[in-house]
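Using the UniProt record's numbering, you'd call the opening residue of the sequence shown number 1 and step up by one each time.
It is worth saying that the hints were derived from the structure and are not from the lab. For every residue, glycine included, the Cβ atom is placed at its ideal position computed from N, Cα and C. Mixed in with the good hints there might be a few duds.
In the DSSO-like style, the derived pairs of lysine-lysine whose C-alpha atoms are separated by at most 30 Å in a straight line are [unchecked claim]:
| hint | residue 1 | residue 2 |
| --- | --- | --- |
| 1 | K505 | K56 |
| 2 | K207 | K407 |
| 3 | K237 | K207 |
| 4 | K478 | K505 |
| 5 | K109 | K125 |
DEER-style ranges, computed between Cβ atoms [as the list claims (entries may be wrong)]:
| hint | residue 1 | residue 2 | range |
| --- | --- | --- | --- |
| 6 | Y214 | L57 | 40 to 50 Å |
| 7 | K391 | S151 | 16 to 26 Å |
| 8 | K563 | E392 | 56 to 66 Å |
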Amino acid sequence: LPQIEADGHELNGRRFRVENGESLGEKEEIFGSPSTPVLENPEYQTRWYFKYFLGKLHQNYVGADADKVPFFLSVVLTDANNQCVPQYRAILLQGSGAQKISLPYTPNKPMTVKQILSNFPNMEKLEKGPKEVFSPDIQKDLLLLEEQEGSVNFKFGILYTRPGQTSDDEMFSNEAGSPEFDRFISLLGDKIRLKGWDKYRGGLDVKGDMTGRYSIYTIYEGHEIMFHVSTLLPYSKDNRQQVERKRHIGNDIVNIVFLDGGAGQMNQFNPSFIKSQFTHVFALVTYQSEDSSYRLAVFSEESVPLFGPSLPCPPVFRNSQEFREFLIVKLINGEKASFNTPTFAQKRERTLDMLIKDLFSEHMNDGRGTMLNRRAFSDVLPDPPRGSRRKEEARQVEFVRIGQALKLDTIVKGDAPTSLATTGLFKRAPWEPQCFYPDFGHEIVCGDSWGENRLLVATESGVYLVEESLSHRLVFDKTVAVKQLHVVEAHGILLFRADKGRDSKIHVFRLSDFDGEFSTEASARGRQDLKEHRLERTRGCHMYAISRPGGSHLRMVVAIGKKLLVMQWRHSAAWTAWCPASDTDTVDGIFLLYEEIQVAEPPQLITLVDSSLSGSSGGGIPDNHICVGYRHQFDLVNERTGEVTRLHAVEGSRAHLVAAVDLYEDEEPELLLCYNHTCHFQKLSEESVSSTEFDFHWNSVPSAIVCAFPYIFAFTTDSMEIRLIINGNLVQTMVLPKLALIVLRYLNDIFFATTAPEFFHSKAERLQVDKPERDPSISPPSSPHSSPEARPFRLYRIPLHTLSGMVAPCERRCPTPCEPAGSGSGANTGPFLLAEPSRGLRSSQVSFTLWLVIFFEDSTNMRGMHLCLRPANNTVYDDLNSLQQVTSPGDCVESPDNNNFE
1 LPQIEADGHE
11 LNGRRFRVEN
21 GESLGEKEEI
31 FGSPSTPVLE
41 NPEYQTRWYF
51 KYFLGKLHQN
61 YVGADADKVP
71 FFLSVVLTDA
81 NNQCVPQYRA
91 ILLQGSGAQK
101 ISLPYTPNKP
111 MTVKQILSNF
121 PNMEKLEKGP
131 KEVFSPDIQK
141 DLLLLEEQEG
151 SVNFKFGILY
161 TRPGQTSDDE
171 MFSNEAGSPE
181 FDRFISLLGD
191 KIRLKGWDKY
201 RGGLDVKGDM
211 TGRYSIYTIY
221 EGHEIMFHVS
231 TLLPYSKDNR
241 QQVERKRHIG
251 NDIVNIVFLD
261 GGAGQMNQFN
271 PSFIKSQFTH
281 VFALVTYQSE
291 DSSYRLAVFS
301 EESVPLFGPS
311 LPCPPVFRNS
321 QEFREFLIVK
331 LINGEKASFN
341 TPTFAQKRER
351 TLDMLIKDLF
361 SEHMNDGRGT
371 MLNRRAFSDV
381 LPDPPRGSRR
391 KEEARQVEFV
401 RIGQALKLDT
411 IVKGDAPTSL
421 ATTGLFKRAP
431 WEPQCFYPDF
441 GHEIVCGDSW
451 GENRLLVATE
461 SGVYLVEESL
471 SHRLVFDKTV
481 AVKQLHVVEA
491 HGILLFRADK
501 GRDSKIHVFR
511 LSDFDGEFST
521 EASARGRQDL
531 KEHRLERTRG
541 CHMYAISRPG
551 GSHLRMVVAI
561 GKKLLVMQWR
571 HSAAWTAWCP
581 ASDTDTVDGI
591 FLLYEEIQVA
601 EPPQLITLVD
611 SSLSGSSGGG
621 IPDNHICVGY
631 RHQFDLVNER
641 TGEVTRLHAV
651 EGSRAHLVAA
661 VDLYEDEEPE
671 LLLCYNHTCH
681 FQKLSEESVS
691 STEFDFHWNS
701 VPSAIVCAFP
711 YIFAFTTDSM
721 EIRLIINGNL
731 VQTMVLPKLA
741 LIVLRYLNDI
751 FFATTAPEFF
761 HSKAERLQVD
771 KPERDPSISP
781 PSSPHSSPEA
791 RPFRLYRIPL
801 HTLSGMVAPC
811 ERRCPTPCEP
821 AGSGSGANTG
831 PFLLAEPSRG
841 LRSSQVSFTL
851 WLVIFFEDST
861 NMRGMHLCLR
871 PANNTVYDDL
881 NSLQQVTSPG
891 DCVESPDNNN
901 FE
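Turn these sequences into a full structure, and let the hints guide you.
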């Protein structure tokens with residue numbers, strides 16, 4: 001939305017992105033942010049120095065990189081959350097910002113500073129090692145540098161407007177608001193008396209009532225928020241421009257504009273009405289008295305990165321408390337995103353660069369070795385003992401004491417970034433796991449889910465079938481060493497790679513062989529039972545990958561040294577679904593060799609990119625591809641021609657490839673390439689119009705990556721990190737000892753194993769964001785002090801539908817379109833949850849039950865058959881041209897032409 005002045009000229013080139021929950025792009029957006037209100041980059045997760053370093057013994061270093069750019073490095077050894085998981089945490093501070101990384105700690109092999117620095121980009125080759133800074137004063141300096149990331153507390157403007165007002169002079173001249181406006185600001189927070197106010201004041205005068213007598217204040221998840229309300233700021237009848245009001249609201253990065261007069265006024269608003277170069281986000285709010293609901297739209301300056309939560313469709317909130325929480329989270333995320341615009345980012349980097357250079361000069365030129373030689377602290381330390389060990393112990397005690405005093409002072413001032421005090425409703429996080437199996441005694445190598453409540457997991461002791469509420473049972477004994485495993489339910493088969501080296505092969509079993517109802521074997525299978533099920537052609541393979549569900553055929557690529565075998569299951573998924581009794585072929589001939597491709601070196605990872613799931617701009621059938629990861633690069637291989645294209649090169653001497661995840665944006669294939677602790681978005685089409693070209697960095701080097709829109713999960717050996725795929729922003733980090741991902745599959749619930757205590761709620765409980773009280777039974781118990789090696793593994797599940805926001809409070813369910821009044825049955829008069837929500841990617845909330853699609857090779861005996869598409873409102877579409885309302889779901893309308901199945 002370009003901003004136009006009254007004379008028709010564009011306003012300083014400013015353009016705004018409109019988010020109203022109803023545009024086509026928002027309804028069809030694949031990479032949408034979650035509609036569940038989630039704070040992005042929460043300070044209690046990102047402010048590492050305050051949380052993990054300050055008040056604890058740690059080391060600080062100062063140095064310059066190969067380009068003579070100064071830096072500060074802080075390193076601490078912590079036991080994360082008292083889970084018996086010691087970790088190194090390191091912060092590298094440069095003028096461009098802070099980089100953080102968590103590294104595993106091995107008791108017998110402590111890391112050197114050089115080894116820790118080598119984990120950061122461009123820090124492998126230093127001409128001179130960094131110098132350790134012993135002075136406790138450095139803690140205050142480093143805390144100041146971290147605070148440059150932004151304030152913990154926020155101030156937002158609230159501007160009241162009446163119908164027909166099109167200039168900021170008119171809007172700021174409203175002396176008082178309507179009853180609806182007063183009710184709205186009372187919803188946001190408490191009305192406080194400014195004179196004598198001793199908490200966060202947001203720039204308002206608290207001594208002489210110079211900025212009004214009252215204001216609105218609240219606190220949300222540790223963030224103190226002061227609202228600059230236009231009708232509560234000083235009003236002057238003689239001042240047409242109301243400078244005092246503009247001075248505060250016009251200098252707020254985020255403004256709420258309350259439009260009196262209902263939703264019809266929202267289309268009349270334009271950000272150009274308000275002459276402010278500082279405000280980057282406008283949240284338009286209106287109250288609809290007809291149904292006592294609030295409606296929301298958001299205008300963001302074009303340079304502001306995308307931020308969540310995304311608006312529901314339609315953007316109407318009937319629960320006022322839910323609306324309050326959604327709006328506050330949207331405002332906080334909007335201000336954080338605005339700080340990443342060029343305007344603010346450049347100012348922040350200049351300030352940070354100047355501070356670091358000053359501190360670099362101060363500490364590099366300080367030739368005094370320890371703080372014991374500094375006169376300023378001679379009065380608080382005992383006389384220096386003769387032994388250097390006692391001197392060092394005294395220095396450490398004083399270092400910790402000063403750090404703890406700094407931490408306490410920050411907390412007392414109300415600037416603690418680790419506070420979680422809130423006035424919001426309690427809600428469970430969408431990623432909160434559910435305990436699937438409480439006691440499993442084996443470390444898991446790999447696994448996959450089978451149906452809704454079963455897992456097949458491979459361990460060093462064999463392969464087990466794990467089912468909820470039942471004891472796990474052995475299906476393959478320890479003579480079968482399984483390294484990879486996939487359950488392909490569309491074809492009713494189990495694929496796995498067993499053994500290693502030249503003896504490694506891929507084996508195929510029918511799932512019905514392991515189903516209790518059909519199993520005739522009393523004991524587990526062993527190595528001798530594999531002979532009739534192995535694919536001899538795959539001898540010597542070291543990895544394989546299969547195509548994602550939803551394609552017409554199951555494809556598999558097998559890596560044998562420098563050779564790739566592209567294979568395809570003989571029957572299509574539709575044929576198997578239609579004729580399950582006929583799909584009983586043996587291994588011989590069931591996987592057909594499609595192509596054999598030579599590559600430059602043995603792959604370290606392979607991913608199939610199914611182009612059939614994307615659109616074809618040329619009108620033909622696009623080629624499928626294979627993404628191949630080597631030691632220092634990712635290549636794209638055309639399955640049909642074998643042509644190799646270089647995708648991305650990994651810089652640096654140390655490269656740890658993690659994953660290549662295929663994504664689809666606007667029906668264009670895209671890859672998320674993950675290596676070391678970096679994730680890189682890579683477009684596969686040079687003609688691509690849309691672009692998500694940005695990298696983001698994990699705080700730890702992951703061992704596995706899972707995309708579950710709108711989130712992306714990174715799993716390490718002892719932590720789970722969750723970010724938004726739309727912008728890479730952090731939303732949660734959980735420490736989980738001996739963590740192992742079990743299921744890594746597209747559109748599937750996430751299963752993992754850990755020795756963490758069972759503090760997650762049971763499966764029977766639903767995610768309810770409107771539940772005001774917390775169940776005490778799910779509160780974490782006191783942290784155990786026993787070693788995690790002594791604890792059994794617990795298997796957890798994160799349901800996909802909770803991540804996608806399909807399970808939500810009743811009032812937030814999108815009504816079915818065109819649902820006639822009074823059509824619901826009397827037994828179900830209230831709002832409801834979907835019993836089995838759709839697991840599609842797109843965020844469209846229209847729910848359909850699909851009774852589709854049957855293909856016939858024999859067209860005889862087709863007369864009298866019906867093809868129906870039945871949506872949730874019981875409207876039957878028997879073909880594309882006729883539409884009829886029926887009274888019950890089972891009825892069907894006679895098709896005009898029974899032979900027309902187009």
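Against the structure, the hints come out as follows:
1. For the proposed pair K505 and K56, the alpha carbon gap of about 52 Å is over 30 Å, so the pair is violated.
2. Between K207 and K407 the CA atoms are separated by roughly 28 Å; this keeps the pair inside 30 Å, and the hint holds.
3. At most 30 Å may separate the alpha-carbon atoms for a hinted pair to count; K237 and K207 meet this at roughly 24 Å.
4. Restraint check for K478 and K505: satisfied, since their Cα atoms lie roughly 16 Å apart, inside the 30 Å limit.
5. For a cut-off of 30 Å, the pair hint linking K109 to K125 stands: about 22 Å separates their Cα positions.
6. Checked against the hint of 40 to 50 Å, the C-beta distance between Y214 and L57 comes to roughly 47 Å, which is consistent with it.
7. Hint check: K391 to S151, Cβ distance near 40 Å, so the stated range 16 to 26 Å is violated.
8. Against the hinted window of 56 to 66 Å, the Cβ-Cβ separation of K563 and E392 comes to about 59 Å, which satisfies the hint.
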